[in-house]
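Chemist: So you can see what is in the structure, the chains are spelled out below.
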Amino acid sequence: MLEPLVARSLTGFIRLLTGSRVLWREKLVPGRRVYYGNHSSHGDFVLIWSALPPALRAQARPVAAAEYWRRGTLRRYLIQRVFKGVLVERDVAQRTEDPIATMAAAIEAGNALILFPEGTRNPGEGVLPFKSGLYHLAARCAGLELVPVWLENLNRVMPKGRLIPLPLLCTARFGAPLGLEEGEGKQQFLERARGALLALAPEGA
Amino acid sequence: MSHMSSHAQAVLLFLGIGAVLLVATVVGRVLAYRAPPGKRATIDNLNARINAWWGMAALVGVAFVFGKPGVPVLFFLVSLLALREFITLLPTRGGDYWALVAAFYLVLPIQYVLVGIAWYGMFAIFIPVYAFLLLPVLAASGGDTTGFLERAAKVQWGLMISVFCISHVPALLTLDIPGYEHRQLLLIAFLVIVVQSSDVLQYVWGKLCGRRLIAPVLSPSKTWEGFVGGVASASLLGGLLWWITPFSFFGALGMALVINLMGFLGGLVMSAIKRDRGIKDWGHMIEGHGGVLDRLDSVCFAAPVFFHLTRYFWA
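Quick mapping for you: the protein sequence lines, in order, are chains B and E. Note that numbering that gives the first Met the number 0 has the first sequence beginning at 0, numbered continuously upward. Note that numbering that gives the first Met the number 0 has the second sequence beginning at 0, numbered continuously upward.
Bear in mind the hints are in silico, worked out from the structure with no lab data behind them. All values reported here derive from a predicted model rather than from experimental measurement. Incorrect hints may have been included.
What the hints assert, rightly or not - One-sided and incomplete, this derived list gives chain B residues near chain E with beta-carbon spacing under 7 Å:
#1 20
#2 158
#3 160
#4 163
#5 165
#6 167
#7 168
Said to hold, decoys possible - When the alpha-carbon atoms are kept at most 30 Å apart in a straight line, the in silico DSS-like pairs for lysine-lysine are as follows:
#8 E/206 to E/273
#9 E/153 to B/159
#10 E/153 to B/26
#11 E/279 to B/26
#12 B/130 to B/83
The C-beta atom is built at its ideal place from N, Cα and C for all residues, glycine as well.
Make the full structure from the sequences, and use the hints.
Modeler: Below, the structure is given as structure tokens:
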């Protein structure tokens with residue numbers, strides 16, 4: 000009951016702080032989809048989530064690292080109750096369930112996912128190589144749409160390991176959806192998806 | 000008119016602004032109606048600007064209704080938005096984190112508290128002295144020496160322009176001018192009207208008869224014709240507003256001239272920074288105008304000079 004209010008306050012706060020500007024390449028309707036973005040801060044998924052129009056936001060769920068977000072009551076509350084995150088275990092040696100299966104199940108249940116295929120927050124510039132999860136997910140869910148989202152400046156708002164966010168302007172650029180093509184290999188596909196994301200970055204980033 | 004109460008003068012002033020905006024709105028709509036399809040972009044931008052002017056005039060009006068607490072609060076928020084635009088467009092590094100935290104969460108509010116309690120001796124030096132010395136220390140503690148001087152200069156410049164300079168607008172409320180008690184709000188109105196009408200008149204003169212570029216490297220739109228026509232007519236307007244100021248007609252004319260020249264030069268400096276960064280506008284907050292800093296670049300340069308001249312010669 001309280002959760003929508005908490006979600007609203009958090010998104011309202013981040014939008015006020017960052018004056019978040021949202022730029023769309025094309026208009027999207029709800030569907031089987033993954034929004035994937037560059038990852039530099041914990042505010043990333045909140046910014047993408049709050050940038051979505053209500054109809055798209057209602058079905059969007061962030062994919063988050065279980066070992067990080069299950070630690071601590073507040074984190075658990077936020078990710079499970081407020082943002083209805085899909086928790087996946089990153090550590091191959093210790094995990095009990097297959098992350099691809101978990102994400103695919105969420106998509107089959109009618110959700111859209113927010114995913115950061117770099118796998119970890121990138122403290123530097125540019126985009127790290129993608130983990131293969133995006134490919135396996137696309138291969139498993141036929142007709143899955145992948146929408147690149149470039150987040151600009153959020154790494155300066157909430158740098159890794161810092162507590163106080165800085166008020167700086169941020170922009171979320173949504174690109175055109177792409178999908179896994181017939182006979183496309185894993186490396187080829189991941190490079191293409193990463194290229195589509197980088198193409199949204201303004202020059203010099 | 001100078002014998003009217005300050006309240007009546009303020010009401011008259013806002014009615015005047017409303018009338019000017021009303022005329023501008025009607026002219027803008029007629030132009031849009033008659034414009035050939037290929038020429039729409041300029042007219043649409045003009046109408047977007049006029050619409051934003053209504054909003055900005057209303058905002059200043061509301062602040063004036065709240066009087067002494069309202070105006071500093073309004074300009075505190077303006078400074079916050081301006082500093083946000085400035086720092087966003089001038090990239091800093093991870094090592095600047097604590098300097099930026101201090102700039103946004105300490106220096107900015109403290110400057111406005113100092114202005115609010117009218118502590119002239121402190122608000123006039125707080126940023127040029129104390130922030131100037133403290134922030135590079137915080138930046139150095141970040142342990143990153145890459146481009147250090149440039150980064151420290153960016154943060155200091157951002158504070159000087161967006162906080163120090165802009166805070167001199169509400170600081171006008173702190174001036175004790177003999178025979179002008181409780182009317183300092185009108186001094187703010189004078190400054191804002193003169194600066195903004197100068198911007199508008201330079202734009203209008205430039206569009207009507209602008210030929211020769213005054214600073215082609217810095218600005219593709221500023222012309223000699225716009226500069227001379229705009230500054231002259233806005234200064235005359237300032238002179239004609241002498242009845243809301245403590246100045247005589249010629250005093251007000253001279254003050255308006257100084258304000259307009261400083262504003263014009265400020266616009267050039269700020270556009271040099273924008274050119275260097277390869278951008279056209281500081282932000283996107285005000286439809287048709289760009290960012291807060293695009294609208295206030297001339298106020299930034301005019302306000303401190305206007306404040307000190309008034310203080311030296313009249314207070």
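Chemist: Next, verify each hint and record whether it holds.
Modeler: Right, here's what the structure says about each hint:
1. 20: With Cβ-Cβ at 6 Å, under 7 Å, it holds.
2. 158: This hint holds: residue 158 of chain B lies near chain E, its Cβ roughly 6 Å from the closest one there, short of 7 Å.
3. 160: Since chain E brings no Cβ nearer than about 10 Å to residue 160 of chain B, farther than 7 Å, the hint is violated.
4. 163: 5 Å, holds
5. 165: 5 Å, holds
6. 167: 5 Å, holds
7. 168: Interface hint status for residue 168 of chain B: holds (4 Å vs cutoff 7 Å).
8. E/206 to E/273: Given that 30 Å is the threshold and the Cα spacing comes to 22 Å, the pair holds.
9. E/153 to B/159: Given pair residue 153 of chain E, residue 159 of chain B holds - Cα atoms ~23 Å apart, limit 30 Å.
10. E/153 to B/26: 38 Å, violated
11. E/279 to B/26: 27 Å, holds
12. B/130 to B/83: 23 Å, holds
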